[in-house]
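Participant: Each chain, letter by letter, is given below.
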Amino acid sequence: MAKSMLIISRRAPGSGPSAREALDIALAGGAFDLPLAMLFMDDGIYQLTPDQAPHHIQQKDLSANLQALPLFGVEDLFACAYSLQERGLDTSHLALPAQPLDDEALRALIARHDLVVTL
Amino acid sequence: MSTLHILSHSPFGDSRFASCLRVLGPGDALLLTGEAVQALRQGSAPRLKLDQLPAQVALFALEEDILARALTDLPNHCTALDYPRFVALCLDYDKVNSWL
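Chains A and B, in that order, are what the protein sequence lines are.
My numbering applies: residue -16 is where the first sequence begins, and numbers increase by one.
My numbering applies: residue 30 is where the second sequence begins, and numbers increase by one.
One chain only, chain A, in its complex shape (with noise of 0.2 Å):
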């Protein structure tokens, strides 16, 4: 059986790569049926905000690829609540369904999973 992975994606979408290798891993993966999750967390929290126009800061916009994720299978998506929390964001500002976890059920999700990634 194919070992399951969970992707912590903690960078802003316009920091850097970060926030889109993870996006490519998620979705490369979902592709070939691998068992993954996703996890937003820190300043990841960011790409999940709705109505993000990067073009006036000469950026690619990653939330095709985002909506995408749900196609590719990969439906387990989750938001670390205190990082929501401290940002003023709550699950129903989110462009994508995200659980939200409280620390406790992160400690869970990380054990339960074979492999982890945190880009």
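Derived by calculation from the structure, the hints in this document are not laboratory data.
Honestly, I wouldn't trust all of these hints.
As the list claims (entries may be wrong) - One side only, chain A facing chain B, incomplete, derived with CB under 10 Å: (1) -4; (2) -3; (3) 29; (4) 32; (5) 35; (6) 36; (7) 71; (8) 73; (9) 74.
Said to hold, decoys possible - Derived DEER-like restraints, expressed as beta-carbon distance ranges: (10) A/88 / B/99: 26 to 32 Å; (11) A/7 / B/105: 38 to 44 Å; (12) A/40 / B/129: 14 to 20 Å.
The structure displayed is predicted, hence computed values, not measured ones.
Even for Gly, the Cβ is constructed at its ideal location relative to N, Cα and C.
Could you slot chain B onto chain A? The hints should help.
Facilitator: Chain B in isolation, oriented as in the chain A frame:
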């Protein structure tokens, strides 16, 4: 001697934002650019700190960075700038301190 302080990193993850707020004096100004504009997000912890800035500290932010992140409900005392006004603003202060 007045100073324009420029923040361009996220208000989370290191102590730049908190340290910068601590050293702002009367007549100084704070300009938020890049990821630092996330500090303006309504309901966030850094926004609360910005709302508590004394009236003598002027607050500016780069408009294109605000637009890119779809930020709304900006503080009343925050002025949005384009790049030409950014350059002009730098000349309004005795010095510029960039928190690189």
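Participant: Which numbered hints are broken by the structure, listed smallest first?
Facilitator: 9
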